[in-house]
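Number of protein chains: 2
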Amino acid sequence: MKFSHIIVIGGSAAGVTAAMTARKFYQDKSIIMIKNVVNVPIPCGIPYIFGTIDSVDKNALPTNKMMTANHIDVLECEVASIDPKRKVLTTTSGQDLGYEKLILANGSLPIIPPIKGIDLKHVYPIVKNLDHLRKMLEEIKPLKSFVIIGGGFIGVEMAEEIKKMNPEAHVTIVEMQDHCLQLVYDEDLSALAEQALLDQGIKLETKETVVEFVGHGDVEGVVLKSGRTIKADCVILGIGATPNTKLAKEAGLKLGPARGIEVDRYMQTSEEDIFACGDVADKISFFDGKPSSLRLASIATTEGRIAGFNTYKLQREFKGAIGVFSTYIGHKVFAAAGLTVRDAIAKGYQIVSADSEAVNRHPGCMPNAENLKVRLVFDKQTQILIGGQVYGAVTGGEFINVIAALIASKAKAEDIVLFQAGTHPALTASPVAYQLVTAAESALIQFNQL
Amino acid sequence: MKFSHIIVIGGSAAGVTAAMTARKFYQDKSIIMIKNVVNVPIPCGIPYIFGTIDSVDKNALPTNKMMTANHIDVLECEVASIDPKRKVLTTTSGQDLGYEKLILANGSLPIIPPIKGIDLKHVYPIVKNLDHLRKMLEEIKPLKSFVIIGGGFIGVEMAEEIKKMNPEAHVTIVEMQDHCLQLVYDEDLSALAEQALLDQGIKLETKETVVEFVGHGDVEGVVLKSGRTIKADCVILGIGATPNTKLAKEAGLKLGPARGIEVDRYMQTSEEDIFACGDVADKISFFDGKPSSLRLASIATTEGRIAGFNTYKLQREFKGAIGVFSTYIGHKVFAAAGLTVRDAIAKGYQIVSADSEAVNRHPGCMPNAENLKVRLVFDKQTQILIGGQVYGAVTGGEFINVIAALIASKAKAEDIVLFQAGTHPALTASPVAYQLVTAAESALIQFNQL
Chain L
110 MKFSHIIVIG GSAAGVTAAM TARKFYQDKS IIMIKNVVNV PIPCGIPYIF
160 GTIDSVDKNA LPTNKMMTAN HIDVLECEVA SIDPKRKVLT TTSGQDLGYE
210 KLILANGSLP IIPPIKGIDL KHVYPIVKNL DHLRKMLEEI KPLKSFVIIG
260 GGFIGVEMAE EIKKMNPEAH VTIVEMQDHC LQLVYDEDLS ALAEQALLDQ
310 GIKLETKETV VEFVGHGDVE GVVLKSGRTI KADCVILGIG ATPNTKLAKE
360 AGLKLGPARG IEVDRYMQTS EEDIFACGDV ADKISFFDGK PSSLRLASIA
410 TTEGRIAGFN TYKLQREFKG AIGVFSTYIG HKVFAAAGLT VRDAIAKGYQ
460 IVSADSEAVN RHPGCMPNAE NLKVRLVFDK QTQILIGGQV YGAVTGGEFI
510 NVIAALIASK AKAEDIVLFQ AGTHPALTAS PVAYQLVTAA ESALIQFNQL
Chain C
110 MKFSHIIVIG GSAAGVTAAM TARKFYQDKS IIMIKNVVNV PIPCGIPYIF
160 GTIDSVDKNA LPTNKMMTAN HIDVLECEVA SIDPKRKVLT TTSGQDLGYE
210 KLILANGSLP IIPPIKGIDL KHVYPIVKNL DHLRKMLEEI KPLKSFVIIG
260 GGFIGVEMAE EIKKMNPEAH VTIVEMQDHC LQLVYDEDLS ALAEQALLDQ
310 GIKLETKETV VEFVGHGDVE GVVLKSGRTI KADCVILGIG ATPNTKLAKE
360 AGLKLGPARG IEVDRYMQTS EEDIFACGDV ADKISFFDGK PSSLRLASIA
410 TTEGRIAGFN TYKLQREFKG AIGVFSTYIG HKVFAAAGLT VRDAIAKGYQ
460 IVSADSEAVN RHPGCMPNAE NLKVRLVFDK QTQILIGGQV YGAVTGGEFI
510 NVIAALIASK AKAEDIVLFQ AGTHPALTAS PVAYQLVTAA ESALIQFNQL
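Line order of the protein sequences matches chains L and C. In case it helps, the working numbering puts the first sequence at residues 110 to 559. In case it helps, the working numbering puts the second sequence at residues 110 to 559.
Warning: the hint list may mix true and false statements.
[What the hints assert, rightly or not] Below, a list of computed lysine to any residue pairs in the SDA-like style, where the Cα atoms sit at most 25 angstroms apart:
#	chain 1	residue 1	chain 2	residue 2
1	C	K521	L	T491
2	L	K133	C	N557
3	L	K441	C	A478
4	L	K111	L	D205
5	C	K428	L	K441
6	L	K133	C	Q555
7	C	K521	L	N557
8	C	K489	L	T491
Hints in this document: simulated from the structure, not taken from any laboratory. Computed from a predicted model, the values in this text were never measured in an experiment.
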């Protein structure tokens with residue numbers, strides 16, 4: 110029977126990172142990565158295949174190349190079962206593989222809602238498989254009327270990219286919440302994102318759900334709960350994903366309250382020698398330790414770095430998911446870290462929030478000057494930063510990571526007021542107006558008045 | 110006698126911020142700002158007046174407007190003396206002004222070296238006064254051969270901007286150190302900055318000093334220590350500034366070891382009711398508490414926020430100067446925070462440093478993709494981050510602030526490895542390759558091997 114000290118199941122962000130981390134710290138261990146998708150896409154890059162990049166192959170995750178460079182063997186096959194007692198897994202072709210440590214990083218599966226007509230042609234889930242995506246790109250290119258179900262990140266990015274692919278296309282987003290991106294941004298920022306979509310001719314049907322897809326063989330329309338039918342020769346499902354736990358469940362591993370594999374802070378499952386990371390693993394919130402349904406590549410890589418390291422040394426601890434997001438709609442950054450005002454209140458925090466907006470150059474006549482708006486959310490009791498949102502200039506893509514670093518370090522408003530920022534006329538706001546500091550100062554004034 | 114609860118002397122970054130901070134927290138106090146320069150420039154924007162902006166007025170700091178908006182009175186005059194016992198200051202026109210709290214934010218003065226020929230025409234220090242700068246811009250526009258003394262930030266930025274003003278101009282930088290920007294970057298990054306200057310046709314004379322300026326009325330040449338003479342019809346002095354302590358010294362205030370006004374962590378001087386902030390105040394290093402000669406607008410504003418707040422409530426403490434710099438040369442960002450490898454070793458640290466370079470988009474074919482290189486410097490003993498350098502993509506301007514936040518929070522390599530970064534195809538490196546995390550992981554591997 111073939112044997113490897115470490116076997117990683119999954120070849121996307123979590124699996125790749127877990128395997129490479131294990132290789133870095135355990136040079137003398139044999140490592141095999143098993144992946145069931147031959148050509149893995151960069152997950153966050155999927156929407157951009159359809160417009161900006163206009164290529165499937167350019168969005169390939171160079172998994173095999175990275176594995177080879179790190180002396181990790183790759184097996185392209187499907188795992189049928191795991192026997193944690195014997196520490197053996199069996200592939201669908203009947204091959205047994207022994208392991209000392211196993212890392213489950215086999216991701217999530219797109220949610221396919223049980224709606225009538227879901228099986229019609231040209232109704233597509235987003236599948237993390239380049240061959241599927243290649244077929245989808247070819248098939249949808251000539252189509253004209255697109256309905257996207259779900260106004261989260263993948264939905265709004267797909268809508269914009271389909272407009273880039275075909276500026277004449279009719280594109281409609283159907284979202285059950287009051288606003289697109291509502292789970293990530295406060296209402297006013299969601300409204301700005303929606304305006305950026307409307308400005309590109311994308312139609313929005315919020316507070317709406319789909320009751321049926323209609324058509325004869327090919328999809329022809331989407332029937333909404335309100336009774337209207339929208340013409341559609343293509344439907345794209347962007348309503349999220351669910352942890353791919355079948356293999357783990359059948360192996361007897363415990364599942365957690367957020368429907369993923371139960372893991373502790375070391376990413377260890379209920380079986381001592383099996384770790385899980387990425388979308389398949391259950392998560393807790395950084396803020397209150399409660400179950401979290403966040404699924405992000407950035408969380409997956411952090412968990413992969415923990416799982417890969419902890420295989421032979423239980424040391425790295427996951428502090429819980431902060432949730433740091435960013436996207437770029439209509440040439441504006443929309444980014445968020447931690448809790449929105451709405452989230453924080455829902456979790457029972459008493460909060461103070463403050464906004465600050467300034468041009469990201471000084472003086473404002475410097476080239477490429479754009480406004481950057483920042484919102485900070487503090488816990489009133491402790492004055493600790495628990496959330497931030499950023500809107501506007503492209504520099505916001507890294508600005509949100511300054512906020513993420515401050516959240517991770519549990520910085521207080523006072524610490525942020527005294528933050529020594531690097532500022533430069535061609536690169537940032539002025540030190541007098543640096544948005545992070547001025548927003549924190551506004552929050553402090555509110556604390557003083559309370 | 111006129112009286113104000115708070116008087117601030119100085120109308121640039123520190124003074125403006127101190128006055129506005131005091132106003133925010135002490136609504137019932139009268140505040141006067143005194144400035145001796147009518148038209149104050151944005152200090153960091155000065156080089157850009159000559160090329161990118163091509164305007165003096167567009168680089169004005171809107172001091173008076175900001176003061177009026179904050180109900181702060183502005184007096185344009187020169188202070189002749191301060192009597193700390195009577196708590197009265199006297200202007201050069203003989204007016205007495207009483208105060209309860211005084212904030213000295215009267216900055217620094219350019220260093221004018223006692224070199225023969227320094228008084229020749231067209232030898233210019235950089236003076237923070239728009240009227241001086243307007244005259245300078247008019248006078249130098251037709252000139253052809255520029256020699257810039259000092260290859261620090263102001264020197265290299267002036268060199269590049271003069272090339273933008275007049276692409277035909279001959280521009281030479283004379284720098285006494287081995288490399289330009291040597292006090293801020295390690296040698297390899299300094300070399301990249303030098304290459305970016307050379308690529309624009311700027312000549313560099315490093316390891317050189319000036320022994321004489323020659324000419325007849327107008328400057329005509331610069332004589333170097335090596336014996337050569339460089340043709341020059343304009344010389345610009347960019348060799349730093351010295352704290353403007355005359356007023357404080359004459360008032361009996363103690364000076365500190367770095368030649369500024371002695372202050373404690375509350376920015377309080379040796380006189381209880383007098384505070385100092387910005388370039389005029391002495392500084393200590395964040396890292397070892399030793400005297401620091403850093404003078405930056407971003408430090409000045411932090412100190413201003415402390416001094417302004419502490420006037421009536423001794424609460425905010427300065428943790429010491431971290432030193433966070435950035436500039437933009439040849440369309441590349443050069444940024445640094447905290448200690449370089451060289452600085453850290455000079456201070457007696459045993460260090461581990463690690464580099465990571467990746468494209469700031471994912472996949473790399475996304476628009477505007479550029480490489481971003483990151484260096485992290487850790488204290489070997491504690492594994493705490495003590496420095497970082499960033500080179501390349503324009504996103505580095507905020508990336509350095511992620512590093513600054515981590516330094517300020519005394520993050521360890523392990524914390525940074527588990528940093529949950531916000532990543533997006535159009536905005537950042539991939540989460541697998543995010544430079545901060547991969548550099549920290551490299552450092553950890555070194556720690557493990559030591």
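The hints, checked one at a time:
1. K521/C / T491/L: 24 angstroms, holds
2. K133/L / N557/C: Between K133/L and N557/C the Cα gap is close to 11 angstroms, so the pair holds against 25 angstroms.
3. K441/L / A478/C: Cα-Cα ~17 angstroms, so holds.
4. K111/L / D205/L: Given that 25 angstroms is the threshold and the Cα spacing comes to 7 angstroms, the pair holds.
5. K428/C / K441/L: Violated. K428/C to K441/L sits at ~35 angstroms, over the 25 angstroms cutoff.
6. K133/L / Q555/C: With a Cα-Cα distance of about 11 angstroms, the restraint between K133/L and Q555/C holds, given a limit of 25 angstroms.
7. K521/C / N557/L: 33 angstroms, violated
8. K489/C / T491/L: 33 angstroms, violated
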